[in-house]
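Undergrad: If you read the sequences in order, they're chains A and B.
First residue of the first sequence: 1, per UniProt numbering; consecutive thereafter.
First residue of the second sequence: 1, per UniProt numbering; consecutive thereafter.
If you are wondering where the hints come from, they were derived from the structure by calculation, not from laboratory data.
Treat the hints with care, since some could be wrong.
Pulled a few chain A residues facing chain B out of the computed Cβ check, cut under 10 Å [what the hints assert, rightly or not]:
1. H57
2. I60
3. R61
4. L62
5. A158
6. H161
7. G214
8. G227
Values in this document were obtained by computation on a predicted structure and should not be read as measured data.
Backbone N, C-alpha and C fix where the C-beta goes; we use that ideal spot for every residue, glycine too.
Number of protein chains: 2
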Amino acid sequence: MRYAVLGTGAVGRTIAAKLASLGHEVVIGTRDPETTLARTEPDGYGNPPFADWQAAHADIRLAAFADAAAGADAVVNTTAGAGSLPALEAAGTANLAGKVLIDIANPLDFSQGMPPSLNPVGTDSLGEQIQRAFPEVKVVKTLNTMNCEIMVDPSRVAGDHTVFVSGDDSGAKAAVTELLVSFGWPASSVIDLGSIETARGTEMLLPIWLRLWGSLGHADFNFHVAGARTGA
Amino acid sequence: MRYAVLGTGAVGRTIAAKLASLGHEVVIGTRDPETTLARTEPDGYGNPPFADWQAAHADIRLAAFADAAAGADAVVNTTAGAGSLPALEAAGTANLAGKVLIDIANPLDFSQGMPPSLNPVGTDSLGEQIQRAFPEVKVVKTLNTMNCEIMVDPSRVAGDHTVFVSGDDSGAKAAVTELLVSFGWPASSVIDLGSIETARGTEMLLPIWLRLWGSLGHADFNFHVAGARTGA
Chain A
1 MRYAVLGTGA VGRTIAAKLA SLGHEVVIGT RDPETTLART EPDGYGNPPF ADWQAAHADI
61 RLAAFADAAA GADAVVNTTA GAGSLPALEA AGTANLAGKV LIDIANPLDF SQGMPPSLNP
121 VGTDSLGEQI QRAFPEVKVV KTLNTMNCEI MVDPSRVAGD HTVFVSGDDS GAKAAVTELL
181 VSFGWPASSV IDLGSIETAR GTEMLLPIWL RLWGSLGHAD FNFHVAGART GA
Chain B
1 MRYAVLGTGA VGRTIAAKLA SLGHEVVIGT RDPETTLART EPDGYGNPPF ADWQAAHADI
61 RLAAFADAAA GADAVVNTTA GAGSLPALEA AGTANLAGKV LIDIANPLDF SQGMPPSLNP
121 VGTDSLGEQI QRAFPEVKVV KTLNTMNCEI MVDPSRVAGD HTVFVSGDDS GAKAAVTELL
181 VSFGWPASSV IDLGSIETAR GTEMLLPIWL RLWGSLGHAD FNFHVAGART GA
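Please construct the entire structure, taking both the sequences and the accompanying hints into account.
TA: Following this line, the structure appears as C-alpha cells:
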C-alpha cells in the first residue's frame, strides 16, 4: 500500500517508520518541505530536526501535503489537532476523495493553560469535523488514546490493553483493524465503538491521559476495557 | 462511621446498602422524604419505588438532605449531576463544613439529545464546581467512572481494573481510599490523579463509557490503566 502520513512530528515519524518497515511505500506530507528540511533545532517536544530523522529513513520521502496525498492509497493524519483541517485542505479534497483517512490527531487547545484542554469538546469532535469537511473521505479515528511508541508496539505495555476505532464506513474500519493487527495488536484488543460520532469519547480520554502521564511520571501506559468480553 | 448518602437512585441505594453491610450507620438524603416514599411506580431507569427498596433495608433511614447531612461524619453525593449543587445547597453549608464529601455524580446533560453530553465539560467539572461552592468541604471525586454494582463489588469484572480519586485534601483521599479497600478494591487499583481539577478527566470518561455500554451491550466493564506501575 502507498501511505501518505501528514505531519512531521513524533507521531508521524513513528507511524511512517512502522509502515515502511512493513513494506509499505510511505511519503510524509508537510506544508513546505524546504522549510521542514531547513530546521536545525529540535522541535518544541525535543524531537531532533526532521532532516536528521530522514537521514536514517532514506526510504521515506518528504513532500507537500497535496503531493503526498495525491500519490497515496490511504492517508494518516498525525498533524496537531489545531492544524488538521488546514493541513487536509492543503492536501486537497480531490486528492483525498474515496480514500481511507486514519485520524490519530487530538484537538488539544493550549490557549486555556496547561495541561491543554480540548476544542471542540462535548457535542463535537475533530474526527467529526474532518468527516463533515470531507464527506467523500472514509475517516477512521484510532490510536489517538496512547503514546505513539505504543501505537506501533503494543507489547511495550504488559497485559491486555485496548485500541478503539470509530468511523462511519465498515469496510474502512475493517481495513484499519487489519493494519492494527499488522502493527502487533491482537484483534481482540480492537474495540469498534461505532460511528465517527464516537470519536468524541476517545478524544475526551486525552484529559485523563495527560493527568495520568503527570501522575505516573511516564507515558508507557494505555487504557484497557476490562470485562469487555463478558456477556458480549 | 455515620454516612449521609444524598440521592435515592440506583447509585445511592447500592452505596447505602454496601455501607450498612459494613456496619456503618447510613441515612439516605432526599429533597422531600414524603414525596419519595409516596412514589409507587419504578423510576425512569426502571428501579423499583424507593419504599419497596427500603422495606428490604429497614436499617437505612430516609431523611431530608439537611437532616441527613447534619447527623453524618461524611457525605456521599449520588444525585443526578444537574441536581447536585441544589441538593448540596439544601443539605446546607454548615451541615457539610469540614466533612469529607465523596462525589460520585456526573454532570450528564440530556438537553443535547442521546447519549447525554456533559455540562460543564473541558475547562471545568462538577467536582470543581462543588469544591468552589463549598470551600470548607473536602471533596473527593471517585467511583464515577463505572456502573454502581462494580463500585461496591469490583470482583464482578475479571482482571485488574482501576478506580480513580481526585481531590485537594490528602487526608480525605487517604480516608476514601481506605473505604474503597473496604469495598473490595485492591489498594493497587486506586490511582490518585491529583487535585480536584483532575475530576475533569474522570468525568470526561463518561462519553466513552456510554458508547462502550452501547457497543458491548452490557455494563459489567471498567477502565483499567495498563502499565500504570511500569517504571513508576
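Undergrad: Against this structure, judge whether each hint is valid.
TA: Now the hints, each set against the structure:
Of the supplied interface hints, the one on A:H57 is violated, with its beta-carbon coming no nearer than about 27 Å to a beta-carbon of chain B, more than 10 Å. Interface restraint check: A:I60 against chain B, minimum CB-CB distance 29 Å, threshold 10 Å, status violated. Using the Cβ-Cβ criterion of 10 Å, the hint placing A:R61 at the interface with chain B is not satisfied: the shortest such distance is roughly 34 Å. The restraint placing A:L62 at the interface with chain B is violated, with a minimum CB-CB distance near 33 Å, outside the 10 Å limit.
For A:A158, the shortest C-beta to C-beta distance to chain B is roughly 6 Å, which falls under 10 Å, so the interface hint holds. Of the supplied interface hints, the one on A:H161 holds, with its beta-carbon coming within about 4 Å of a beta-carbon of chain B, less than 10 Å. The restraint placing A:G214 at the interface with chain B holds, with a minimum CB-CB distance near 7 Å, inside the 10 Å limit. The beta carbon of A:G227 is positioned within 10 Å of a beta carbon in chain B (closest approach about 4 Å), and the interface hint is therefore held.
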